[in-house]
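Enquirer: Those protein sequences? They're chains F and D, same order as listed. One point on numbering: in the numbering used here, the residue at position 151 of the first sequence is 151, and numbering is uninterrupted. One point on numbering: in the numbering used here, the residue at position 142 of the second sequence is 142, and numbering is uninterrupted.
Everything labelled a hint here was simulated from the structure, so no lab data went into it. Each hint should be verified, as a subset may be incorrect.
In silico DMTMM-like pairs for lysine to aspartate or glutamate, Cα to Cα no more than 25 Å straight-line [unchecked claim]:
id, chain 1, residue 1, chain 2, residue 2
1, D, K234, F, E54
2, D, K205, F, E82
3, F, K168, D, E92
4, F, K168, D, E200
5, F, K168, D, E72
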Amino acid sequence: MLLQGLLGIGIFAGGTLRLAIPAILGGFCLGVILGLARLARRPWIHYPAAIYIEFIRGIPLVMVIFWFWFLVPVFLRRPVPEYWVALTAFVVFEGAYIGEIVRAGIQSVARGQVDAATATGLGYLQMMWSVVLPQAIRNMIPSLVTQFIVLFKDTSLASIIGMMDLTKAAQTVTARELRPFEMYIFIAVVYWIFTYSMSRFSQWLEIRMSPEKVAS
Amino acid sequence: MLLSGFFGIPYEFRWSVLWEAPHYTWIIDGLWMTLKISALSWIFAVLLGIIFEALRTVPFRPLRALATAYVEFFRNVPLLVWLFFWYFGAPEVLPEPIRQWFIHHGMEFWSAVAGISVYHGARFSEVIRAGIQSIPKTQLEAGLSSGLSVSQTYRLIVIPIALRLIVPPVTNESLNLLKNSSLAMTIGVAELTFATRQIETYTAKAFEAFTAGTLIYLALCLSIAYIMNRVERKFAIPGLIARAERAEH
Numbered sequence: 001m002l003l004q005g006l007l008g009i010g011i012f013a014g015g016t017l018r019l020a021i022p023a024i025l026g027g028f029c030l031g032v033i034l035g036l037a038r039l040a041r042r043p044w045i046h047y048p049a050a051i052y053i054e055f056i057r058g059i060p061l062v063m064v065i066f067w068f069w070f071l072v073p074v075f076l077r078r079p080v081p082e083y084w085v086a087l088t089a090f091v092v093f094e095g096a097y098i099g100e101i102v103r104a105g106i107q108s109v110a111r112g113q114v115d116a117a118t119a120t121g122l123g124y125l126q127m128m129w130s131v132v133l134p135q136a137i138r139n140m141i142p143s144l145v146t147q148f149i150v151l152f153k154d155t156s157l158a159s160i161i162g163m164m165d166l167t168k169a170a171q172t173v174t175a176r177e178l179r180p181f182e183m184y185i186f187i188a189v190v191y192w193i194f195t196y197s198m199s200r201f202s203q204w205l206e207i208r209m210s211p212e213k214v215a216s
Numbered sequence: 001m002l003l004s005g006f007f008g009i010p011y012e013f014r015w016s017v018l019w020e021a022p023h024y025t026w027i028i029d030g031l032w033m034t035l036k037i038s039a040l041s042w043i044f045a046v047l048l049g050i051i052f053e054a055l056r057t058v059p060f061r062p063l064r065a066l067a068t069a070y071v072e073f074f075r076n077v078p079l080l081v082w083l084f085f086w087y088f089g090a091p092e093v094l095p096e097p098i099r100q101w102f103i104h105h106g107m108e109f110w111s112a113v114a115g116i117s118v119y120h121g122a123r124f125s126e127v128i129r130a131g132i133q134s135i136p137k138t139q140l141e142a143g144l145s146s147g148l149s150v151s152q153t154y155r156l157i158v159i160p161i162a163l164r165l166i167v168p169p170v171t172n173e174s175l176n177l178l179k180n181s182s183l184a185m186t187i188g189v190a191e192l193t194f195a196t197r198q199i200e201t202y203t204a205k206a207f208e209a210f211t212a213g214t215l216i217y218l219a220l221c222l223s224i225a226y227i228m229n230r231v232e233r234k235f236a237i238p239g240l241i242a243r244a245e246r247a248e249h
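Chain F with its partners taken away, still in its complex shape (with noise of 0.2 Å):
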């Protein structure tokens, strides 16, 4: 059993990977924009940015992929699959997280800076593109790092709708043999080697980039 749970393990992270790299990638652009307009001066783009991410944070996940489940194949008026019901749900729900730590990234540039880019004369736009988000990035890495663990984790509730991933395999496989207690003890070790993984490689990302602000 063990042996068709290691066989399984590859095609089925790669499900998991699957989900959570187009997620997270597509969650950051939404965030990117989500964080600017929550900053940005002109109430009627930084009150609808604001609304969406205090209605995305008060709602649990399972509402959301349970909204997009429906949604999405009403709207489109025909069958979807749950791989695409489920990304559009992750991407919706990352977004507003990604747009608080993008916000938070934002703030956290010297105000100097952007003093600097007006006194030279750049738009906002250009400012923003071509001094403050570079820098904010930078400083954003490891928060996006973590939010990317969580994302990993989060995955797992995609198995609600029946997309196949770690989770839903070890369901499936439970269902066939019969040994819950070592299929889910399996699992849970196979989502801890990747997790802790990713924070290592995390810490290790924080240190190589301001060995001066980690702190002991």
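Start from chain F and add chain D according to the hints.
Expert: Frame of chain F; chain D shown alone:
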């Protein structure tokens, strides 16, 4: 109500399903179950968090290693996998009479409470650790050098500061706990998300059902966040600067 013409989508709205006979009782029961699970798990999680955080500061190395292993292991695995483990896997290793007792007294509920408390216990322990570590050692030294005993320093200086420092991240984690209680529906606990799904399966009015669930969760989370924000401001010590903590996952 036929708003379907607007999007061209074949969907009839019928909001009355929300207050028709059995449906609203499902929602109310579901909400009550969510609150029960969240409250009970929160109490256990905070206790576990404090215990394991304390264990990590003990000078005895094996205990420290054990506590660190607990936190790292339980935190890095998704909660859903843990719930399945506690519901399907763990009862197998229980002795028979205890297992029968659980089966007759709501195994789903207790598995959910166990899974959520252990998982969030690990997360709370990290949050508390981050908070306590950010208190400058100078506070302790200042207290001792002013003539206070060790226990007095802790009681009068360190612990009040620590409590105020950890309120925002603990509120955040508690809200996460409330939202994670929705995962219990996968092992059959009839909480709020389960109730909305039930209404949806019975009436096919998914929009109304999910709206009800969403609004209730929003109301819960936003009101708790607002109340804790007021509490934090009321008890704030002027001049105490909370250092920004590294985002913990």
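Enquirer: Give a verdict on every hint.
Expert: Structure-based check of each hint:
Under the criterion of a C-alpha separation no larger than 25 Å, the hint pairing D:K234 with F:E54 is consistent with the structure, at around 23 Å. A distance of roughly 21 Å separates the Cα atoms of D:K205 and F:E82; the hinted pair therefore holds under the 25 Å criterion. Taken as a hint, the F:K168 and D:E92 pair is honoured in the structure, with Cα atoms around 21 Å apart against an allowance of 25 Å. With a C-alpha separation of about 23 Å, the suggested pair F:K168 and D:E200 falls inside the 25 Å cut-off, and the hint holds.
Note on F:K168 and D:E72: the hinted pairing holds, with a Cα-Cα distance of about 23 Å set against a maximum of 25 Å.
No hint from the list above goes unmet by this structure.
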